[in-house]
Amino acid sequence: MSDLGEVKINRTYKASRALLFEVMTTPEHLQHFWGPIGMTTPIENIVVEPRVGGRFETGMVSPDGEVYWMKGVFTEFDPPNRLAWTEPDVEGGMLNTITFTDLGDGTCEAFTHQTNVPEMYRTPEAQAGMATSFDKCDAYLETLV
Amino acid sequence: MMPEPDHLSATFAALADPTRRAILARLAEGEATVNELAEPFDMSLQAVSKHLKVLEAAGLITRGQKAQYRPCRLEPAPLASAIEWVERHKAIWEDRFDQLEQHLKKIQQPTKETTQ
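Same order as they appear, the protein sequences are chains B and C. Heads up, the first sequence stops at 207 in my numbering, and the numbers go up one at a time, no gaps. Heads up, the second sequence stops at 516 in my numbering, and the numbers go up one at a time, no gaps.
Mixed in with the good hints, there may be bad ones.
As the list claims (entries may be wrong) - Pairs of lysine-lysine, DSSO-like flavour, derived with a Cα cap of 30 Å:
1. B:Lys133 with C:Lys505
2. B:Lys133 with C:Lys490
3. B:Lys70 with C:Lys506
4. C:Lys505 with C:Lys490
5. B:Lys76 with C:Lys505
6. B:Lys70 with C:Lys490
7. C:Lys506 with B:Lys133
8. C:Lys506 with C:Lys490
9. B:Lys133 with B:Lys70
10. C:Lys450 with B:Lys76
11. C:Lys453 with B:Lys76
Simulated from the structure, these hints should not be mistaken for laboratory data.
All chains, please: the whole structure from these sequences, using the hints.
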């Protein structure tokens with residue numbers, strides 16, 4: 063059970079991190095993979111202002127024509143290493159961070175971290191990487207089903 | 401992406417403290433009084449009570465009303481919402497990264513011309 067309040071995903075790709083960073087920050091590329099399955103994100107619904115403080119906005123279109131906007135602002139824009147943006151209007155402020163690492167064999171790793179309690183990561187305990195398992199809470203919830 | 405209830409961020413803020421997470425883990429085993437909850441911590445009853453107030457305000461626990469004995473009880477709904485939040489956002493990213501993988505393969509094919 064992963065820590066609550068955050069999403070952490072690690073993926074490896076056969077590509078350099080320079081390419082991966084570019085693909086992640088270019089509307090021409092983003093339109094091809096951004097929307098979750100079932101939605102599309104047309105290029106005219108994508109805004110990338112490639113600098114700290116720049117906009118990062120995507121409008122995902124559902125099959126029935128509804129548009130769901132993600133409106134973000136870059137807090138880090140450091141090719142090819144790191145990309146981070148906040149979504150200030152969502153749930154008290156979501157922070158998304160992607161860190162790109164070359165693995166030295168033509169592949170690279172993209173580590174994504176999303177949280178809506180970014181201040182959680184400013185405490186000393188958090189920085190020491192303290193994690194608490196919620197297995198007991200999980201087990202308790204299962205007894206209620 | 402979809403409209404979110406605002407109490408989710410209150411839930412996560414309440415969960416952002418290691419003592420409060422430990423309190424919840426203990427309550428997952430069964431209800432307990434403030435004294436019982438304070439036992440494992442090197443902390444005054446007052447300090448523990450402060451944490452309990454935060455958890456209560458976030459709806460994560462409720463406190464019974466039996467005269468002198470006010471047991472704390474874990475409330476399943478906010479915790480379930482928090483777990484669901486993680487699973488939902490994780491699924492969105494996994495989809496996105498799966499599609500990214502397909503896209504990367506396409507654009508890196510050496511002999512084909514890529515179209516935008």
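- When the hints from earlier in the document are held up against this structure, which numbers fail? Hint check: 10 and 11 fail, others pass.
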